[in-house]
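The primary structure of each chain is shown beneath.
2 protein chains.
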Amino acid sequence: MSFETKATIAASGGTILKLSHQSTTTGTPMNVNLYLPPAVATSSSSSKVPLLIYLSGLTCTPDNCTEKGFFQHAASKHNIALLWPDTSPRGLNLPGEKDSWDFGEAASFYVDATQEPFAKNYRMESYLTRELPDLVFSAYGDKIDASRVSITGHSMGGHGALTLYLKNPGAYKSVSAFAPIANPVNCPWGEKAFAGYLGAENKEEWKKHDATELVRGWDKKTPLNMLVDVGTGDNFYKQKQLLPENLEAAVKEAGLDGFTLRFQEGYDHSYFFMSSFSDEHVAHAAKFLKA
Amino acid sequence: MSFETKATIAASGGTILKLSHQSTTTGTPMNVNLYLPPAVATSSSSSKVPLLIYLSGLTCTPDNCTEKGFFQHAASKHNIALLWPDTSPRGLNLPGEKDSWDFGEAASFYVDATQEPFAKNYRMESYLTRELPDLVFSAYGDKIDASRVSITGHSMGGHGALTLYLKNPGAYKSVSAFAPIANPVNCPWGEKAFAGYLGAENKEEWKKHDATELVRGWDKKTPLNMLVDVGTGDNFYKQKQLLPENLEAAVKEAGLDGFTLRFQEGYDHSYFFMSSFSDEHVAHAAKFLKA
Chain F
1 MSFETKATIA
11 ASGGTILKLS
21 HQSTTTGTPM
31 NVNLYLPPAV
41 ATSSSSSKVP
51 LLIYLSGLTC
61 TPDNCTEKGF
71 FQHAASKHNI
81 ALLWPDTSPR
91 GLNLPGEKDS
101 WDFGEAASFY
111 VDATQEPFAK
121 NYRMESYLTR
131 ELPDLVFSAY
141 GDKIDASRVS
151 ITGHSMGGHG
161 ALTLYLKNPG
171 AYKSVSAFAP
181 IANPVNCPWG
191 EKAFAGYLGA
201 ENKEEWKKHD
211 ATELVRGWDK
221 KTPLNMLVDV
231 GTGDNFYKQK
241 QLLPENLEAA
251 VKEAGLDGFT
261 LRFQEGYDHS
271 YFFMSSFSDE
281 HVAHAAKFLK
291 A
Chain C
1001 MSFETKATIA
1011 ASGGTILKLS
1021 HQSTTTGTPM
1031 NVNLYLPPAV
1041 ATSSSSSKVP
1051 LLIYLSGLTC
1061 TPDNCTEKGF
1071 FQHAASKHNI
1081 ALLWPDTSPR
1091 GLNLPGEKDS
1101 WDFGEAASFY
1111 VDATQEPFAK
1121 NYRMESYLTR
1131 ELPDLVFSAY
1141 GDKIDASRVS
1151 ITGHSMGGHG
1161 ALTLYLKNPG
1171 AYKSVSAFAP
1181 IANPVNCPWG
1191 EKAFAGYLGA
1201 ENKEEWKKHD
1211 ATELVRGWDK
1221 KTPLNMLVDV
1231 GTGDNFYKQK
1241 QLLPENLEAA
1251 VKEAGLDGFT
1261 LRFQEGYDHS
1271 YFFMSSFSDE
1281 HVAHAAKFLK
1291 A
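Chains F and C supply the protein sequences, listed in that same order.
Quick note: the first sequence, position 30, residue 30 per the numbering used here, numbers continuous.
Remember, the numbering used here sits 1000 above the position in the second sequence when you count from 1.
Watch out, some of these pointers could steer you wrong.
[Stated by the list, open to error] Examples of chain C residues lying across from chain F (beta carbon under 8 Å, computed):
1. Glu1131
2. Leu1261
3. Tyr1271
4. Phe1272
5. Ser1276
FYI, nobody ran anything at the bench for these hints, they're computed from the structure.
Backbone N, C-alpha and C define an ideal beta-carbon position, used for all residues, glycine too.
With the sequences and hints as input, model every part of the structure.
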């Protein structure tokens, strides 16, 4: 299986590719956007660029952040490729899949579901850690360096970025997150999603997909290289859906280095928050991707 | 009449205000977005900041460019306020107003219509040059300097920016445009709009709203301070809706200084074009606004 290119768009000195492919993991067509920075956008260059993966939040497609997050501004400057995957399989029409905005379609929580009717298709963890990178490096291996990858994300995607990073030491050079769902086993969004995808009774399984739980198992000798931004005007933060303090406390309790949590005065949960700090999150990734 | 603030959003170190007001010029409620840069966003500062007005293209509301154009990135750096007006009155339900996407609602072409049923409400030229700036400087005169204003825009808004600039010498310090409809009397979009708003027979009147015609009357002693970008991958450019070469030829024929036309390789007509060059257009305005 390889990518079909649906659109090629000049942007910020490089090229945005809107790609589609038939996923063997989810059993559905999947859309994904890729930004090739100036160094590799137009010609075959002798040097490859690193990759930053951005995981989106609830309700989003790959297009939302591509259009509104403005990561390509700094990615162009640092010559880093960007990858915006989708938030779930689509078009399955499974029972219950579209009943609410925070569960099912566009709300996969980036786990491999074990519960019916989701177990066969909602396998976003496997998709994001195996099939999708394999495809990208197969199709663009002459331009993108498979050994230099970092990950970031927003809200549900911040949860995805943090957990995939913590579950796969060495796979990513760094991680960052905007307003992540940092302790999903203790918030309504996470409880609903994990009950539906992993089973209401399997709470030990839930912990394997929770950044605050996972960070306790991180190797003390390895710095976390982890940046988290949360807006103080974020209503979901106020409603205790995000719980970044719990992640911070777990990091401290575990005695880990390399964790930065910043509270950004007045910022909300919208893409204006990402576009305001995407320069800094790309720079954070660049520091470790160039190292 | 004063503004009602519908939303206050932290962005790029400053604040985006979503404003609404009842317009005496159009007889309708009008929405407009305002960006206050860091220097004046939160506190009363002793020094005021200049203002850059951005006029949007066909089909857009004030939100499109606010979300996707990323002008606030450079406006934050240069401490310039931004104003994103709407593209027409809305909600009138006039005959023919919603029959096509390139005429009527969201397609005012920024003229004062003389033809029925538009003459009473479609008075965007008066709205943009008189009522709206009066309101802004009345409400935010402690933060924004009424004597330092520049204007820019995209497509139909590029036409608006160029023509309002050329018709009002001294009102704006500089002008720039992305893919402007630069010679509307000679393209299908302009012919349709001017026939509908100004009358099919009144072709001399049309010329008073055409940048290529207007520039011939510009005072030779005053530099144009005019930057125009057009993407070579822009389908509307290829379809001869934009005709920037005609504007360039008229500038040369008139012997005017201070005009820059750039063709940007491969860029299309989308907001990715604006977000790729908004830093440079804000810098162009800043050069004259700070002078």
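The hints, checked one at a time:
no.: 1; hint: Glu1131; in the structure: 28 Å, violated
no.: 2; hint: Leu1261; in the structure: 18 Å, violated
no.: 3; hint: Tyr1271; in the structure: 7 Å, holds
no.: 4; hint: Phe1272; in the structure: 4 Å, holds
no.: 5; hint: Ser1276; in the structure: 5 Å, holds
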